[in-house]
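Peer 1: Here is what each chain is made of, one letter per residue.
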Amino acid sequence: GNSVTQMEGPVTLSEEAFLTINCTYTATGYPSLFWYVQYPGEGLQLLLKATKADDKGSNKGFEATYRKETTSFHLEKGSVQVSDSAVYFCALSGNPSGSARQLTFGSGTQLTVLP
Amino acid sequence: DGGITQSPKYLFRKEGQNVTLSCEQNLNHDAMYWYRQDPGQGLRLIYYSQIVNDFQKGDIAEGYSVSREKKESFPLTVTSAQKNPTAFYLCASNHRDRGPEAFFGQGTRLTVV
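These protein sequences, in sequence, are chains R and D. Per the numbering used here, numbering through the first sequence is continuous, rising by one, with the last residue being 129. Per the numbering used here, numbering through the second sequence is continuous, rising by one, with the last residue being 164.
Bear in mind the hints are in silico, worked out from the structure with no lab data behind them. Incorrect hints may have been included.
As the list claims (entries may be wrong) - Not close to chain R: a few residues of chain D, all C-beta gaps over 10 Å, as computed:
#1 G53
#2 Q92
#3 G93
#4 S131
#5 Q157
What the hints assert, rightly or not - In silico DMTMM-like pairs for lysine to aspartate or glutamate, Cα to Cα no more than 20 Å straight-line:
#6 D:K134 to D:D81
#7 R:K66 to D:E152
#8 R:K74 to D:E152
#9 R:K70 to D:E66
#10 R:K66 to D:D148
#11 D:K60 to R:E56
Glycine is no exception: its CB is placed at the ideal position from the N, C-alpha and C atoms.
Just chain D, same shape as in the assembly:
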């Protein structure tokens, strides 16, 4: 089955540590996105990538980094510079030139302990 896989589902981080969230898709989508969701709020865009080896900052990129070495993969690193990292992180993808809808993974819940 085609889809987007995020791992892990739950992640705990100590203060000062960097952590990497995985996102893999087998939909042959060009574009991939990372969103952050806080309780009772909508989704805010962190980073996005339209093609391999290229990515752009979204609205809240500070304290995060990404890479796009393969079309299928778009990992997100939450660095120690992110002051409030506890949140639900969602990865999404879509075609650059086809239907505009985006498809989402199941999310990773990150908690700082």
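Here chain R stands alone, though its shape is the one from the complex:
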């Protein structure tokens, strides 16, 4: 079955530091890959996505590249802000025959950015 392995947290950085959160996946076929962000007490918001190999998703200064050869989708940001403090989830959407496009999630990485 599908699975997502995500870098364990928590991660604590100083403002303007470089961020990397690692994500690798196991899936059959050609899944779509996502990063979601969750702020305290809220639902998940889509941060970025990539639907095929070598695609780069980007949003709000965050980037991730779909690497099929290494089955990875690492999240990066060059300069984090205090407002980036949240939990980040890597996810994939497979589309096996007969199934809806439900997402498989990693365990989440708590990011705290200090001023």
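Knowing the structure of chain R, use the given hints to seat chain D on it.
Peer 2: Only chain D this time, still in chain R's reference frame:
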């Protein structure tokens, strides 16, 4: 504005009671999902539905039930058979045949007292 609305935001349940969590979407999405989130963990799929009057069990369906009588609505009932129901519950939806990303509601935090 289009979106997914979950209610209530907080819910308290006594031992042995059934409770129903509401999820409504006005995005005209075909598929809807219920996930459970426990502290420090990822999301686990409870039930999903691709079309009206049809739904499928996810990975942790025991102790839960759902219905899909309308395209816009996908309520989740947490029954007394669910032994550890305290959790954060998230509803999501997406198109069956368009972009694969799912959109989420704001969640319902259920606590057993």
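Peer 1: Next, verify each hint and record whether it holds.
Peer 2: Each hint tested on the structure:
1. G53: The assertion about D:G53 holds, with a minimum of 14 Å to chain R.
2. Q92: 6 Å, violated
3. G93: 4 Å, violated
4. S131: 26 Å, holds
5. Q157: Incorrect as stated: the minimum Cβ-Cβ distance to chain R is 5 Å, not above 10 Å.
6. D:K134 to D:D81: 31 Å, violated
7. R:K66 to D:E152: Holds, at about 13 Å.
8. R:K74 to D:E152: Satisfied, since the Cα-Cα distance of roughly 18 Å is no more than 20 Å.
9. R:K70 to D:E66: The given pair, whose Cα atoms are some 48 Å apart, is violated under the 20 Å limit.
10. R:K66 to D:D148: 16 Å, holds
11. D:K60 to R:E56: With Cα atoms ~10 Å apart, D:K60 and R:E56 stay inside 20 Å; holds.
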